[in-house]
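Asks: Those sequence lines, one after another, are chains A and B. Position in the first sequence counted from 1, then plus 25, gives you this note's numbering. Position in the second sequence counted from 1, then plus 20, gives you this note's numbering.
Treat the hints with care, since some could be wrong.
[Stated by the list, open to error] PhoX-like, lysine-lysine: derived pairs with alpha carbons at most 25 Å apart: (1) K49/A <-> K180/B; (2) K421/B <-> K49/A; (3) K421/B <-> K60/A; (4) K296/B <-> K421/B; (5) K421/B <-> K246/B; (6) K247/B <-> K383/B; (7) K247/B <-> K32/A; (8) K328/B <-> K421/B; (9) K32/A <-> K252/B; (10) K60/A <-> K180/B.
Rather than coming from a laboratory, the hints here were simulated on the basis of the structure.
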Amino acid sequence: MMKGRLKYWVMGTLLAFSGVGLVKGLAPLYSGNVKIAVMLTGYTLAILGLFIITLGTRRTDSD
Amino acid sequence: MPDIDILQLFQGIATLVNADPTIAVSRIVLILLGILLVYCGVKHILEPLLMIPMGVGMASVNAAVLYLSATTMGTIFIDPLVTDPVKLLDILQIDFLQPIYTLTFSNGLIACLVFMGVGVLCDIGYVLATPFTSMFIAIMAELGTIATFPIAIAMGLPPKEAASIAMVGCADGPMVLFTSLMLARDLFVPISVVAYLYLSLTYGGYPFLIRLLIPKKLRGIKMDLKKIPRVKPGEKIAFSLITCTILCLLFPVAAPLFMSFFLGVIIRDANVAPFKAFIEGPILYGSTFFLGLLLGVLCEANTILNPKVLILLILGMTSLLLSGIGGIIGGYIMYFVSKGQFNPVVGIAGVSCVPTTSKVAQKEVHLANMKAQILPYAIGANISGVITSAIIAGIYITLLK
């Protein structure tokens, strides 16, 4: 059960930090609409990552 | 017998007589308003923790105007407009509240300390238990903070001031203070005062909004509390730490708020009893006391009298109202998505005035159905509201600063 939940933590954390990487690392290299698109994707991934982590905290009675 | 000028003996009255009539009338009105705030605080009509120090400060500062020199009038409480470092050093040694203002207020420290206290009061487990619902409602409850921005622009405010007053919709005092300090320093006094006055009204006003928009039958819906998953303290700490880091990386300008909030959350869940007691006691109450007192003292007629105040009053009310409506719409959407299992009153808790809006929601549900409990869901939405408000503040500051 623990292993099953761990995957959400790992996936979520990686996704969230990838989002940060896009916003802070990749987006400044571009300009105009591409920059905005990369930034929006980054923000979405970061927030999505945090949501995925929350799935790893769910515990049922069998746990 | 020497020629005694009675008015010079009582300088508070002399300055009132000799001042510009508008200022004189404003001072009298503000003294009366201060007394009214103290009355409302003592009678628990408005939040006493803020209103009593604020009211006393407001009445005293407007009564205590004196001649600082032959031609200039002022007080020896505080000078918020001084910017010259040499003058500031002088003032720090004369005005008795200036050190607290300069070292804790104008740099946002007091807002962060209050936020730390709010963090200690929040159980992030409720957000983790129902993350999608909580965050969806919280985002919907940001309707005021988002929609008021273009309205404010249309009413003639520059973008920075528009964003600051729009933040009143999040109903989070420290957040409004922090944002207006960052974006609209010239207007932060009236904006913060408007925000704190209106925040006190959420307790009295939101129940009417709930009753107006949600029929009694729906207000009494019982929610299944057994569905709420349990979350371990370690998981709450890990999640808080990751979320804090991610949000600080994304919005460094709002990092002091994120750090303060999540530090409080982590200390709560780490169960570090001495720190917990210190933050939820002396820090939170001390900061709230000085915040109220300084806001009151900053309401000196010369400082607060600004032609934009009326616009700010209208926009603040609009923002708070829209946020409440947005939250309730979010609650209704969840009600339809869950096929009638979700109580739409939870929506109002998306407005991040912790824990007032949660308490208001539970109270209204209780009045409709004695057996209905929604508090865990309401607290989840409430804490998510704090996080989304900080994100919106971060976005505004990043885009406009």
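Asks: All hints are to be evaluated individually against the structure, with a verdict given for each.
Replies: Hints, one by one, checked against the model:
| no. | hint | in the structure |
| --- | --- | --- |
| 1 | K49/A <-> K180/B | 24 Å, holds |
| 2 | K421/B <-> K49/A | 18 Å, holds |
| 3 | K421/B <-> K60/A | 19 Å, holds |
| 4 | K296/B <-> K421/B | 34 Å, violated |
| 5 | K421/B <-> K246/B | 46 Å, violated |
| 6 | K247/B <-> K383/B | 22 Å, holds |
| 7 | K247/B <-> K32/A | 23 Å, holds |
| 8 | K328/B <-> K421/B | 21 Å, holds |
| 9 | K32/A <-> K252/B | 17 Å, holds |
| 10 | K60/A <-> K180/B | 23 Å, holds |
Figure legend: structure checked against the earlier numbered hints; hints not met, in rising order: 4 and 5.
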